[in-house]
Amino acid sequence: MVRLEFDPNPPGNRVWLVMGLAVLAAIALSSLIFWSYGVPPVTAYLTLFKGTLANPAGIAESFRRAIPLLLIGAGLSLAFRSQFFNIGAEGQLLLGASAATGVALFIPLPAELKLVTMFLAGFLAGGAYALIAALLKSRLGVNEILSTLMLNYIAVYIVQFLVNGPWKGRSLMGFAYTEQFPAAATLPVIGGTLIHWPTLLLGVLLALFLQLILNRSTIGYELRVVGENLEAARYAGINIGRTVLMVAMLSGGLAGLAGVGEAAGIHKRLLDPAQISLGYGFTAIIVAWLARGNPALTIFTALLMGLIFAGGDVMKLNLQMPFRVVDVFSGLLLMFLIGSEPLARYRLKFGRRA
Amino acid sequence: MEEIFSALARAMAFGTPILLAALGEVVVERAGVVNLGVEGMMAVGALAAFAAAQTSGNPFLGVVAGVLAGGIAASAHAFVSVNLRANQFVSGLALTMLGLGLSGLLGNKYVGAPLEHPLAETGFTWAAVVLSIVIWLVLYFTRTGLVVRSVGENPAAADALGLEVYLVRYGATIFGGMMAGLAGAFLSLAYRPSWSDGMTSGLGWIAVALTIFVAWESIRAVFGAFFFGLLYHLAFRLQGRLPSEMLLALPYLLVIVVLTLAALRRRQGNAPEGLGLPYERGTR
Amino acid sequence: MREPVLKLRGISKRFPGVVANDQVDLDVYPGEVHALLGENGAGKTTLMNILYGFYQPDEGQIELSGRPVRIGSPAEAMRLGIGLVPQHPLLVRRHSVAENLALGLPTGWWRPTKPLGKRLHELKQQYRLDVEAGALVEQLSPGEKQRVEIIRALLRGAKILILDEPTSVLTPQEAGELFKVIQRITQSGGAVLFISHRLDEVLEIANRVTVLRKGKAVGSLTPPTDKATLAEMMVGRQVSFERERGMAKRGAPVLEVQKLSVFSDRGLPALRSVSFNLHQGEVLGVAGVAGNGQSELIQVLAGLRKAVSGSVKLDGRDITGKTPRQLHTLGVAHVPEDRIRMGVVPSMSVAQNLALRNYFRPPFSKGLWLDQQELDQNALRQIRQHEIAAPKPGTEARLLSGGNIQKIILARELAGNLKVILAVHPTYGLDVGASEQVHATLLQKTQEGAAVLLVSEDLDEIISLSDCVGVLYAGELVGPVEATSVTREQIGLWMMRGETAFTTIEA
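As given, the protein sequences belong to chains A, B and C, one line each in that order.
Mapping of the first sequence onto my numbering: position 95 corresponds to residue 225, and the numbering continues sequentially without gaps.
Mapping of the second sequence onto my numbering: position 68 corresponds to residue 141, and the numbering continues sequentially without gaps.
Mapping of the third sequence onto my numbering: position 305 corresponds to residue 863, and the numbering continues sequentially without gaps.
All the pointers check out, no bait thrown in.
Okay, the calculated bits of chain C under chain B, using three or more residues with CB under 8 Å as the criterion:
#, stretch
1, 619 to 633
2, 636 to 644
3, 650 to 661
The hints are simulated quantities; they were obtained by calculation from the structure and are not laboratory data.
A quick note: this is a predicted structure, and the numbers were derived from the prediction, not measured.
Here a beta-carbon is modelled for each residue, glycine too, at the ideal position from N, C-alpha and C.
Could you put the whole structure together from the sequences, leaning on the hints where they help?
And the structure:
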């Protein structure tokens, strides 16, 4: 006889096992989607494999996609730990890219200071944009999920306005681009790929640093108390408003950095928002969730989701499927992940009732 | 005079999908479930409605398909948030991703396809107004409404009286999905009789915000939705005089303003007390 | 001999790691009050949940009027004629009484509350149970809410009424009223299962008593005999009923509260111009029915709520409006009302919970960084000193029992140089042993010169610990008066009516 027994304190390895099963289930269910689109699942998976893991260019592509996911995901895992559901990373990324563009094109600076200033401006712009939602939450109790989401839409129109209006490049007739960045404002890439390694390095370092902050600092302590028991935080005299604002600034700032990386490393200009970000802000939610709120683990989970993005490109090119297929998979994966979480709290018992 | 009437008519058309979806969300949240997947369910409903109407040639069949598709999408949320007791906010978000993704993917072949018999907008509008009154009557004057409200306020109390909390929450969630599907059907069969990826353009989110703003009251939702519609229409009329991006961003900015106003007026005090909290027997 | 209406044989229920009920037998006869007596954690609640269909027993048999039954759900329990009046009312706060009653009855679809009026009138005639059908539940007193629960059970045709700790929220006078209602119910043939841990009231009301200890029915008495025997059966050893408090050495006033007024969360006056002095080495007990301003009083003194007017002085210094952290630094400790929701962070380790007040200053932190070693060493010290049953400093707090969580809180709060201890329901939900320890710790602190403001709904606790007693009623403080100068009944009257027509004895 097999039965389920409730176990409120699941051991860590079972939690990871259940999560692994959820990922597999999401992959299995996507074959249904491929099939309904008229692509035999086996063909789909084979194409995917050949285009990504079995192909150096595919792997490079995964790394390139993982860069913004890592930066955003590391910040979001901090935000989620403190129960600040920042769904607005997409908008924060766009503002970061815009700020970097402003610095790159319009602020005269010595070449060696250019990139540093761009990253700084991107961090501040993304962070400040997230602060709007954090202020509304901490002062008035406005739900941050809705406000950050709305700010995403607004950011899209801000960028569209910029590239169609005041920042539109004069040399480009008819295209909604800015001028190309000067060489000093672009990031070096690893030869033959689009991996702008300085951003990747920054992401890895920041992810490790945030993990350290979370586990070992008084700020991290406050952040965890606020996230896990608001009443206790109030009781202990922790400044909750300040903690929420700081988390917003950090997670928004990291998303802003991701935007700088995309603008200065890939496109070398500001352009249509749909091209700057392919929904990194949303996918990074999954990156953070998979890492279970540990910034350091987003180094791996970001790579996994980067692989899925690269897979989306392959499907689009080789099977003529819309890139939306990535959303479908992401949505499925997220649903399975959160749905499986409570399941980890049950254990299978074999044998008769004791 | 005539101009004012036509402006009002347009405002009502703009407001109709918001109203339909918000009415559904009012019922869902009254039963204690938050479903942030409205945008996704609306997209799925719009595609299903268009596909069914286009293939069968019968737009009413399209409406049925849209409603059903919305209901099916919602049942995924119900399962994850009611049975599995997962985080409702994230589940709704996942549903939006999934709904937008699926409709974009499967709808690819319908892009640009014509619809022979579009439906009239006014039919949907009047149906929405009538529904808002019916929902109000049911919520406050019938046993069904009493049960739904009680489950949303205090599921433990309802459970102790032998009411099926899960069933009620399922029912409400699926009803909400059907309403979102209906809103989608309005978009793809009447408002803009066609299918395009992303045609819901954030209306679902506005419906969620409206639900909070009208303090979970279906009749107030009518005025709220048409107010939004009027603003959309004004933004439309002002085109050319202001940068179009500013006008396009206006509704989203407005949602934030509306939520802020609602918070300032302490409207959130009216939220059902069990809202967003999964219920599990024995963990009162 | 009559047939028992309810008969339990060999009921056992296990949870991971605990045997909550172990081979329990129980007979309840019609027209009688059967008391189920036991400490917190003795298994009373589990047994009640089994009877009401929330849990299924692992072993054993339930018979109703001689027929074996399986009670699969609360709905089924009710169909079988079992009604439950829970300790904390399970009512929809923001609905009317009528809506709450209709919810539990088979009614028509349209306007379900309509036919209630007539049936309520019948009940009023039969049991003298009266309640305003149109009132919102949130406006009712705890006693009135309980009446709604009883009416609901009777309307649903309950023949066996389970009352779970029914007097815990009542004043002694309200409890008396309740006992009259219970008598009317048994007189008309109903059976009552009365769950309690209070000996006096069990002796007063019960025809039979079954005592539970550690999940086992350790004895049944018909009719119940004397208090000492019952107490010994319940606790497993002799219990003294002496006042725990000796005469106090009262010092200078340490906390001076002047005309303090506070609003509740909903913006209504919660404290109205409350004044009192708390002296060094003194225990001031504040009694009152829940919701009369006790929570707000503690919150404002702990810095968690803003005062609207009035002042608070600590050792002559104005401390009105100081933050929780400042107050703690000045020597105000706070043992909070809801220990899991406020006192600890359940998902964090014992070591980290022990540092909740001081994590940001040396020795726990060095600048921005926490000193993990110092946290662990502190935890090891406290675990040893306070006998906290935690395997290691890294154990998550949620894995500990209520008593051990309370020990963590006490270890943390009562460390260092204290002036005032704000203690709210410090023994709520703890067993007798753990409660005695908590009391001893608090009294020990008064010997060292600290003053204790004790808020409790348990009158026995207040009377046995306090030097002075005050009662909060509708936000006004009656008293405080010398504990020895006042009777239990007098306190009860103040809890109900808050009359102030007596002379305040000031030190």
